[in-house]
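*Asks:* This is what each chain is made of:
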Amino acid sequence: MNGPLLIRGGRVIDPGRGGDDVADVLVSAGRIEAVGRNIPAGDGTRVIDAAGKIVAPGLIDLHTHLREPGQEDLETVASGAMAAAAGGFTAVCAMPNTDPVTDNQAAVGFIVSQAQRAGKARVYPIGAVSLGQKGQQLAEFGELVGAGAVAVSDDGKPVVSSHLMRTALEYAKTFGIPVADHCEDPTLAQGGAMHEGIVSTRLGLKGVPAAAEEIMVARDIILAELTGGHVHLCHMSTRGSVELIRRAKDRGLRVTAEACPHHFSLTHERCEGYDTNAKMNPPLREPADREAIREALRDGTIDAIATDHAPHHYDAKEREFDDAPNGIIGLETALGLAITELVEPGLLTLPELVRRMSTTPARIFNLPGGTLTVGGPADVVVFDPGAEWEVRPEAFHSKSRNTPFTGRRLRGRADLTIVRGEVVFERA
Amino acid sequence: MTALGKDLVGLEPLSAEQIRLILDTAEPFKEVSERAIKKVPALRGKTIVNLFFEASTRTRISFEFAEKRLSADTVNVAASGSSVSKGETLVDTAKNLEAMRIDMVVIRHGASGAAQFLGQRIASNVINAGDGKHEHPTQALLDLLTLRDRFGRIEGLKVAICGDVLHSRVARSNIWGLTKLGAQVAVCGPATLMPRDIESLGVTVIPRIEDAIAWADALNVLRLQLERMTAGFIPSLREYNRVFGVTSERLARAPRDLLILHPGPMNRGVEIDSDVADGPHAVILPQVTNGVAVRMAVLYLLAGGAPGPGQAMGGEER
Chain B
504 MNGPLLIRGG
514 RVIDPGRGGD
524 DVADVLVSAG
534 RIEAVGRNIP
544 AGDGTRVIDA
554 AGKIVAPGLI
564 DLHTHLREPG
574 QEDLETVASG
584 AMAAAAGGFT
594 AVCAMPNTDP
604 VTDNQAAVGF
614 IVSQAQRAGK
624 ARVYPIGAVS
634 LGQKGQQLAE
644 FGELVGAGAV
654 AVSDDGKPVV
664 SSHLMRTALE
674 YAKTFGIPVA
684 DHCEDPTLAQ
694 GGAMHEGIVS
704 TRLGLKGVPA
714 AAEEIMVARD
724 IILAELTGGH
734 VHLCHMSTRG
744 SVELIRRAKD
754 RGLRVTAEAC
764 PHHFSLTHER
774 CEGYDTNAKM
784 NPPLREPADR
794 EAIREALRDG
804 TIDAIATDHA
814 PHHYDAKERE
824 FDDAPNGIIG
834 LETALGLAIT
844 ELVEPGLLTL
854 PELVRRMSTT
864 PARIFNLPGG
874 TLTVGGPADV
884 VVFDPGAEWE
894 VRPEAFHSKS
904 RNTPFTGRRL
914 RGRADLTIVR
924 GEVVFERA
Chain S
61 MTALGKDLVG
71 LEPLSAEQIR
81 LILDTAEPFK
91 EVSERAIKKV
101 PALRGKTIVN
111 LFFEASTRTR
121 ISFEFAEKRL
131 SADTVNVAAS
141 GSSVSKGETL
151 VDTAKNLEAM
161 RIDMVVIRHG
171 ASGAAQFLGQ
181 RIASNVINAG
191 DGKHEHPTQA
201 LLDLLTLRDR
211 FGRIEGLKVA
221 ICGDVLHSRV
231 ARSNIWGLTK
241 LGAQVAVCGP
251 ATLMPRDIES
261 LGVTVIPRIE
271 DAIAWADALN
281 VLRLQLERMT
291 AGFIPSLREY
301 NRVFGVTSER
311 LARAPRDLLI
321 LHPGPMNRGV
331 EIDSDVADGP
341 HAVILPQVTN
351 GVAVRMAVLY
361 LLAGGAPGPG
371 QAMGGEER
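Chains as they are written, first to last, in my numbering: chain B, 504 to 931; chain S, 61 to 378.
Think of the hints as simulated: they come from the structure by calculation, not from any bench.
Bear in mind the structure is a predicted one, so any value in this text is a computation, not a measurement.
Just to be clear, a hint being listed does not mean it is correct.
Interface residues of chain S toward chain B, partial, derived using beta-carbon atoms under 10 Å [unchecked claim]:
#, residue
1, HIS169
2, GLN180
3, ARG229
Facing chain B, a subset of chain S residues (Cβ under 8 Å, in silico) [claimed, not checked]:
#, residue
4, VAL151
5, ALA171
6, GLN176
7, PHE177
8, LYS193
9, HIS194
10, PRO255
11, ILE258
12, SER260
When the alpha-carbon atoms are kept at most 20 Å apart in a straight line, the in silico DMTMM-like pairs for lysine to aspartate or glutamate are as follows [what the hints assert, rightly or not]:
#, chain 1, residue 1, chain 2, residue 2
13, S, LYS218, S, ASP277
14, B, LYS709, S, GLU287
15, B, LYS820, B, GLU575
16, B, LYS709, S, GLU72
17, B, LYS709, S, GLU259
18, B, LYS709, S, GLU114
Glycine included, C-beta positions come from ideal geometry on N, C-alpha and C.
Build the full structure now, drawing on both the sequences and the hints.
*Replies:* Below is the structure:
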């Protein structure tokens with residue numbers, strides 16, 4: 504273990520306590536030791552100059568694909584945890600669509616131990632809702648949680664059966680975990696390669712209508728009301744979904760939601776030219792959808808920003824659009840996109856951004872962190888919101904390079920990431 | 061760079077001038093196919109690969125005739141029985157062909173965007189012979205040439221494209237070509253087979269076939285793929301014919317004689333009745349004849365041939 508760290512002179516933003524002031528943060532033995540002005544540096548304390556930078560609780564990603572076990576050539580727990588740290592994340596939640604599926608306590612335990620071995624960002628496994636993500640028999644939530652799972656989800660395979668979703672929401676209440684759902688009616692979405700609209704018509708690609716998402720959002724909200732369970736809606740992408748969530752929250756239902764940087768940054772026009780790095784599920788939508796997502800992040804209808812980091816090998820994307828896999832990597836661009844697309848235009852303040860990317864995600868999945876409370880875990884990010892940089896995938900720590908943002912100039916990136924009091928990433 | 065650029069992936073990227081150039085270039089090539097010795101030396105020494113990932117009779121043969129009548133050396137590759145069926149990617153297939161030093165690839169593929177994808181990755185000229193539901197530019201060009209033959213113009217013509225527009229690359233290419241040349245275009249068919257926001261392409265939707273017939277100067281009747289019924293887009297072929305079929309009874313009520321086009325192959329008794337297909341206003345076989353001429357024009361122009369193919373026209377035996 505390293506000695507104490509004194510992060511000096513940064514603007515300390517802590518939505519958990521409501522703080523936003525220039526201060527010093529002293530970290531010792533894995534904990535926040537003190538936050539205040541003019542904290543003296545003791546012997547053996549490393550002093551980090553954070554003047555002009557933001558010091559905040561580390562970012563937490565509720566939606567990450569780490570590909571281990573099963574597809575270690577795309578990403579491993581270690582490479583993903585390193586990419587996360589480089590992106591300012593101190594914790595990521597790993598989706599269970601591994602091979603084999605993370606649907607039992609041994610599989611959860613494996614990911615936990617791989618994350619401990621890597622020693623970078625924390626990795627919290629998400630267990631499967633159903634055995635093998637097959638949508639039939641409930642997985643053993645109790646054992647999953649006992650081994651370290653923080654939520655359950657069948658991830659890219661939506662829980663089609665309303666009965667299964669109902670029982671999952673009910674059973675999950677016992678363990679105080681949310682059921683995270685990928686909202687998609689498979690009969691409407693089947694064979695779709697992009698959003699159904701003007702662009703899909705022009706390109707001759709089968710579209711996925713916004714209704715495919717909204718039907719499941721509506722169902723999940725109705726089941727949340729029926730069961731009193733906590734449903735977490737993954738990667739919301741349409742204005743209709745936003746409207747449904749807004750009404751559900753007005754009625755006080757236990758519904759939380761996340762949105763991805765690509766859905767508040769890009770639209771379906773990005774698919775022109777059949778660029779497979781613009782292929783994802785849910786697909787990039789229309790400008791009015793993007794505006795609705797931005798507004799929902801502003802007013803809190805959507806609670807959190809999550810990456811849906813989905814690594815793919817370059818030659819899997821080097822294909823006909825119909826045959827290319829869905830998804831893009833996002834851990835190392837999320838903060839820059841959020842600052843460039845949401846903070847710079849004045850939609851979110853920096854404290855609100857930290858809330859959407861750290862404090863609220865911690866609350867939704869009931870995780871440690873998300874605050875700089877004295878005595879709490881020392882998971883801290885130091886970032887420069889004004890730093891301008893160009894997205895160069897070859898410099899990423901992720902094993903994969905599939906991003907539509909190559910060459911894009913962004914503002915804001917992490918300079919230093921501290922997990923459990925240890926510096927796990929420091930920009931050279 | 062040629063007058064058309066490196067590739068022909070669709071009519072959407074072409075200007076009206078480029079489309080007219082192809083049609084004008086096709087005119088003298090029509091005559092080549094009427095000669096006793098149907099061959100000119102324009103593409104002598106060029107190697108062309110016809111890479112067909114989907115079954116095709118008419119388009120493949122038409123391209124092959126066009127190539128041979130221009131004296132090119134051609135190789136046909138069908139997806140089944142090739143390395144493609146062993147899991148080779150499209151890029152690898154094309155790069156291997158290119159390593160054998162070819163000049164052009166004519167590609168038919170089930171995935172929208174496949175021709176553009178290929179064109180961006182190999183140096184050879186790529187001609188789209190149909191990619192998924194995207195475009196089939198040479199089909200639209202032969203339709204345009206046939207319309208121009210009969211009406212003497214495209215501008216101001218009212219053309220209704222009827223049937224399964226949703227799944228049709230022929231429809232999309234026709235919409236681009238016709239609207240660029242100043243025609244008015246309507247689409248007509250069951251709402252289940254109309255793409256979302258099709259009006260954004262500059263066309264009018266006419267829901268009923270009777271109204272389309274009353275409005276149009278020409279009908280381009282699309283083939284109804286028989287599997288659309290099992291996929292739930294229409295209840296039955298019988299009902300489709302009853303509600304949307306182009307029948308002589310319906311045509312008899314039109315205020316004027318309509319020219320009838322069909323890209324083939326036809327489902328007689330489904331989207332078009334036999335007496336219409338075989339009737340005096342159908343130009344389905346002239347379309348096929350024109351297909352060879354427009355494909356010769358496209359091949360000639362992409363190979364760098366000068367507009368106005370005078371010197372290319374000398375027969376080998378002259």
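*Asks:* The structure should be examined with respect to each hint, and the outcome stated for every one.
*Replies:* Evaluation of the provided hints:
1. HIS169: With a closest approach of 7 Å, the S/HIS169 hint holds.
2. GLN180: 8 Å, holds
3. ARG229: 6 Å, holds
4. VAL151: With a minimum Cβ separation of about 6 Å from chain B (threshold 8 Å), the hint on S/VAL151 holds.
5. ALA171: 4 Å, holds
6. GLN176: 6 Å, holds
7. PHE177: Since chain B brings a Cβ to about 6 Å from S/PHE177, closer than 8 Å, the hint holds.
8. LYS193: 4 Å, holds
9. HIS194: 3 Å, holds
10. PRO255: 4 Å, holds
11. ILE258: Holds, because the Cβ-Cβ distance from S/ILE258 to chain B comes to roughly 6 Å (cut-off 8 Å).
12. SER260: Since the shortest Cβ distance to chain B is 5 Å, the answer is holds.
13. S/LYS218 with S/ASP277: The given pair, whose Cα atoms are some 5 Å apart, holds under the 20 Å limit.
14. B/LYS709 with S/GLU287: OK: B/LYS709 and S/GLU287 at ~16 Å, within 20 Å.
15. B/LYS820 with B/GLU575: 17 Å, holds
16. B/LYS709 with S/GLU72: 19 Å, holds
17. B/LYS709 with S/GLU259: Roughly 17 Å separates the two Cα atoms, so the pair holds.
18. B/LYS709 with S/GLU114: Holds: B/LYS709 and S/GLU114 sit about 18 Å apart, inside 20 Å.
When the structure is compared with the earlier hints, no violation turns up for any of them.
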